[in-house]
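J.: Given next are the chains, with one letter for each unit.
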Amino acid sequence: GAVVSQHPSWVICKSGTSVKIECRSLDFQATTMFWYRQFPKQSLMLMATSNEGSKATYEQGVEKDKFLINHASLTLSTLTVTSAHPEDSSFYICSASTPVSGGIETQYFGPGTRLLVL
Amino acid sequence: QKEVEQNSGPLSVPEGAIASLNCTYSDRVSQSFFWYRQYSGKSPELIMSIYSNGDKEDGRFTAQLNKASQYVSLLIRDSQPSDSATYLCAVSRLSFGAGTTVTVRA
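Residue numbers (the numbering used here), protein chains in the order written: chain G, 1 to 118; chain P, 1 to 106.
These are computed hints drawn from the structure, not numbers from a lab.
Please read all numbers here as calculations on a predicted model, not as lab measurements.
Honestly, I wouldn't trust all of these hints.
[Stated by the list, open to error] Derived pair list, reagent style DSS-like, types lysine-lysine, alpha-carbon separation capped at 25 Å:
hint, chain 1, residue 1, chain 2, residue 2
1, G, K55, G, K66
2, G, K41, P, K42
3, G, K20, P, K42
Build out the structure end to end from the sequences listed, making use of the hints.
T.: In structure tokens, the structure reads:
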């Protein structure tokens, strides 16, 4: 399957600082990238959908000014958690999708970034 | 009503048995369906995709889709301890079920 990387894999930061997470599709050009958050023992929660060169579409309840998404190219999207607080501590996972035959897209997930805000 | 619902777990099966996972969805126009496996502390990995009614087999995994009943299932044959994980059902690109945790007892 396709490969999606994330960096960093984990980060610990102080409350009030900003953290940037990178998501790259390594062997394909992703038409769309997605950012998810997952709290312990819960399912994935979609935060936003981003397309290269356009503004991200945020899900209801997700603050766009707090979670800044930049999708600069077909292989790179970044999520910046601004002024992070302990309640932002979570597992952040990106995914990238590309059309396959028949126009049906498949998502490939990155390995995730574990964020701990002290 | 949740968009994607999975049978509540956890599901415990003995090694070598069949694990059966079920998923129902609410959006009738959905066209693509996926099963992901997520090990604890890891991100999901795609194990099966299915788009047409009927069965699709891949190794020990069989996905079954019934669009009329809005139902998709996953069967794991000859379950192995390494199959112990949480299985997520996804409908189209964005709707994920809460997951069913499977434990295979050696």
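J.: All hints, please: hold or fail.
T.: Hints versus structure:
Straight-line distance between C-alpha atoms of G/K55 and G/K66 comes to about 14 Å, which keeps the hinted pair within the 25 Å bound. A C-alpha spacing of about 12 Å is found between G/K41 and P/K42, which places the hinted pair at or below 25 Å, so the restraint holds. The suggested pairing of G/K20 with P/K42 holds, with an alpha-carbon distance near 20 Å, which does not exceed 25 Å.
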